[in-house]
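2 protein chains.
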Amino acid sequence: MKFIQKEHGNGGKQTYELINGLFKPIFGSEILKRGDDSSIFDLASKKIGVTTDSFVVKPYFFKGGDIGKLSVCGTVNDLAVSGLVPKYITASFIIEEGFPIEDLQKIVRSMKEYADIAGVEIVAGDTKVVEKGSCDGIFINTTGFGVCEKEERLPSIEKIKGGQIVIVSGDIGRHGACIYSHSSELGVEEKIESDCAPLNRVINELLKNVEICYMKDLTRGGLATALNEIAQKASVDIYIEEDKVPVSNEVKALCDILGLDSYYLACEGRFVAVINKEDKQKTLEILKKYNKEACEIGWIEDTKEKRVYLKTSFGGTRILDMLYYEMLPRIC
Amino acid sequence: MKFIQKEHGNGGKQTYELINGLFKPIFGSEILKRGDDSSIFDLASKKIGVTTDSFVVKPYFFKGGDIGKLSVCGTVNDLAVSGLVPKYITASFIIEEGFPIEDLQKIVRSMKEYADIAGVEIVAGDTKVVEKGSCDGIFINTTGFGVCEKEERLPSIEKIKGGQIVIVSGDIGRHGACIYSHSSELGVEEKIESDCAPLNRVINELLKNVEICYMKDLTRGGLATALNEIAQKASVDIYIEEDKVPVSNEVKALCDILGLDSYYLACEGRFVAVINKEDKQKTLEILKKYNKEACEIGWIEDTKEKRVYLKTSFGGTRILDMLYYEMLPRIC
Numbered sequence: 001m002k003f004i005q006k007e008h009g010n011g012g013k014q015t016y017e018l019i020n021g022l023f024k025p026i027f028g029s030e031i032l033k034r035g036d037d038s039s040i041f042d043l044a045s046k047k048i049g050v051t052t053d054s055f056v057v058k059p060y061f062f063k064g065g066d067i068g069k070l071s072v073c074g075t076v077n078d079l080a081v082s083g084l085v086p087k088y089i090t091a092s093f094i095i096e097e098g099f100p101i102e103d104l105q106k107i108v109r110s111m112k113e114y115a116d117i118a119g120v121e122i123v124a125g126d127t128k129v130v131e132k133g134s135c136d137g138i139f140i141n142t143t144g145f146g147v148c149e150k151e152e153r154l155p156s157i158e159k160i161k162g163g164q165i166v167i168v169s170g171d172i173g174r175h176g177a178c179i180y181s182h183s184s185e186l187g188v189e190e191k192i193e194s195d196c197a198p199l200n201r202v203i204n205e206l207l208k209n210v211e212i213c214y215m216k217d218l219t220r221g222g223l224a225t226a227l228n229e230i231a232q233k234a235s236v237d238i239y240i241e242e243d244k245v246p247v248s249n250e251v252k253a254l255c256d257i258l259g260l261d262s263y264y265l266a267c268e269g270r271f272v273a274v275i276n277k278e279d280k281q282k283t284l285e286i287l288k289k290y291n292k293e294a295c296e297i298g299w300i301e302d303t304k305e306k307r308v309y310l311k312t313s314f315g316g317t318r319i320l321d322m323l324y325y326e327m328l329p330r331i332c
Numbered sequence: 001m002k003f004i005q006k007e008h009g010n011g012g013k014q015t016y017e018l019i020n021g022l023f024k025p026i027f028g029s030e031i032l033k034r035g036d037d038s039s040i041f042d043l044a045s046k047k048i049g050v051t052t053d054s055f056v057v058k059p060y061f062f063k064g065g066d067i068g069k070l071s072v073c074g075t076v077n078d079l080a081v082s083g084l085v086p087k088y089i090t091a092s093f094i095i096e097e098g099f100p101i102e103d104l105q106k107i108v109r110s111m112k113e114y115a116d117i118a119g120v121e122i123v124a125g126d127t128k129v130v131e132k133g134s135c136d137g138i139f140i141n142t143t144g145f146g147v148c149e150k151e152e153r154l155p156s157i158e159k160i161k162g163g164q165i166v167i168v169s170g171d172i173g174r175h176g177a178c179i180y181s182h183s184s185e186l187g188v189e190e191k192i193e194s195d196c197a198p199l200n201r202v203i204n205e206l207l208k209n210v211e212i213c214y215m216k217d218l219t220r221g222g223l224a225t226a227l228n229e230i231a232q233k234a235s236v237d238i239y240i241e242e243d244k245v246p247v248s249n250e251v252k253a254l255c256d257i258l259g260l261d262s263y264y265l266a267c268e269g270r271f272v273a274v275i276n277k278e279d280k281q282k283t284l285e286i287l288k289k290y291n292k293e294a295c296e297i298g299w300i301e302d303t304k305e306k307r308v309y310l311k312t313s314f315g316g317t318r319i320l321d322m323l324y325y326e327m328l329p330r331i332c
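One line per chain: the protein sequences are A and B, in this order. Under UniProt numbering, the first residue of the first sequence carries the number 1, and numbering increases by one thereafter. Under UniProt numbering, the first residue of the second sequence carries the number 1, and numbering increases by one thereafter.
One thing to keep in mind: the hints can contain errors.
One copy or any two copies: either way a pair holds, since identical chains are not told apart in the list.
[Unchecked claim] Taking lysine to any residue pairs in the SDA-like style, the calculated list, with each CA pair at most 25 Å apart, reads:
1. K87 with L32
2. K233 with S313
3. K47 with G119
4. K87 with E149
5. K58 with F314
6. K233 with I157
Keep in mind that the hints were calculated from the coordinates and are not lab data.
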């Protein structure tokens with residue numbers, strides 16, 4: 001078995017060998033192969049969007065994915081929920097000395113696989129190696145850009161107003177539950193499969209067929225945090241019906257065991273959409289083709305307290321705040 | 001004194017406070033302030049370039065700069081040597097739990113200062129916090145993009161041919177020597193000042209006035225590695241005259257003490273340019289306005305061995321290879 005050595009990060013011969021022997025053959029991008037200081041390409045659209053994310057998920061292999069798949073999906077999804085068509089991503093690695101080359105290959109292949117599925121090209125990269133003990137295995141940054149195909153179709157916080165409804169694209173909390181189930185400290189026997197997936201295809205179909213007022217993917221902080229961000233920015237209140245929020249039995253069971261709240265568990269392949277009432281049927285029709293659990297979960301009110309309220313199964317109402325404390329910080 | 005806590009990275013309330021209380025007020029970008037999943041903006045040019053780099057420099061404060069300044073300059077310079085005008089950068093942070101907030105503020109202010117000097121806007125960001133011991137203080141990724149103002153002015157490896165000359169923009173090895181001088185293990189008393197600086201203004205002036213066939217900034221692996229990359233890609237040989245390569249006395253002294261070779265020491269504010277002989281006077285005239293040490297150091301030959309040769313002070317010739325071993329891996 002081969003391992004990453006300090007010299008793999010010195011910018012000299014071994015870095016060159018790692019890049020030409022591992023990254024380039026797997027990523028296979030013509031733009032990347034040129035190996036210039038900057039990758040130059042044409043963009044058809046004048047309006048472009050960019051997003052950046054560093055991924056530090058622990059463990060780096062988990063049920064349903066790995067840090068490579070996650071790093072591609074996370075960035076693709078940030079672009080997609082902004083109404084952009086993801087086109088290009090960059091990939092930058094910080095690797096600990098002693099990291100198994102075989103694991104690196106698996107991760108890089110996984111990035112390529114999901115880049116292909118999402119239809120994005122990896123156009124620039126960087127590799128740094130730090131001494132043993134100076135980072136925890138591998139960290140990946142992906143920065144993505146997408147183009148805006150129809151400006152009037154761009155979801156925008158200004159489009160949110162009272163009377164609109166809130167839709168979720170599938171059952172929530174799978175990714176967070178997955179990472180919790182892998183934590184050896186918590187001793188959970190059965191691992192839960194992450195929902196990690198690229199969302200650009202379903203979102204693209206939505207944008208072509210209905211008016212999406214606003215969208216947000218559910219990552220760190222889960223559904224509760226995403227809705228709070230929307231309520232804050234749009235200066236509205238959001239009401240959610242507990243009975244309607246889809247949560248799988250295995251996620252529910254894990255929450256019961258560990259005392260977690262599924263509203264705060266991260267997803268990596270789910271989003272909420274705010275739409276006008278009249279678009280509900282068409283929206284759910286499209287969403288259900290990709291995930292049967294997609295459904296309406298609540299509505300927007302113009303009361304401007306900037307709060308999220310949960311209508312409980314027992315007929316009560318409680319405030320659903322942002323995430324305050326996270327037991328496991330390295331969800332993504 | 002305040003310190004970074006795990007909760008600063010959970011995507012909830014404290015992350016929100018860190019972003020809105022620290023990053024946004026300092027970066028002050030209108031695009032960033034919108035706080036959307038993707039930052040959307042207009043680009044005047046259809047042809048754009050992108051580059052990504054993760055910075056892990058140790059120590060994160062050094063004489064003449066810090067990891068923040070370095071992360072902006074490094075990315076700006078990669079774009080500039082590709083012939084692009086840097087426009088936008090993203091900034092993504094991985095921070096160790098317990099990191100002093102005051103140090104983070106200094107670093108973020110430094111990024112803003114040099115982004116302003118270089119004329120780039122910080123348009124997207126991300127922050128992850130890892131447990132104490134899971135990373136070494138702070139790592140920063142910057143991804144930058146620039147536009148191509150005149151396509152025919154773009155330097156290109158295909159423009160290199162025998163008879164052209166090689167110019168260096170200033171004395172070499174300062175950044176690498178600076179980091180070595182900070183390493184407590186090596187016990188060097190006098191710290192050397194890094195050459196870390198944005199190069200886009202000098203390069204922009206060059207591109208407007210002379211034909212630059214090719215450029216490369218001297219980072220990891222130093223002058224020797226940069227020239228080897230050029231020789232490989234262009235299928236030419238490069239001859240360098242030892243007597244002509246500018247190295248400061250303090251860098252020379254450090255190399256003598258530690259047994260280092262200045263040709264392999266990183267720079268973060270220097271580049272080499274390949275130009276036609278007839279453009280020499282005009283090129284040096286412009287370069288010397290920014291750095292008096294700029295000078296001609298060698299020439300290109302069409303012999304296609306893809307090697308770099310050093311003509312020594314004693315009249316001999318030796319091969320100058322790529323960097324193979326680096327004592328300190330975390331130069332940038």
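Violated constraints from the hint list, given by number and in increasing order: Hint check: 2, 5 fail, others pass.
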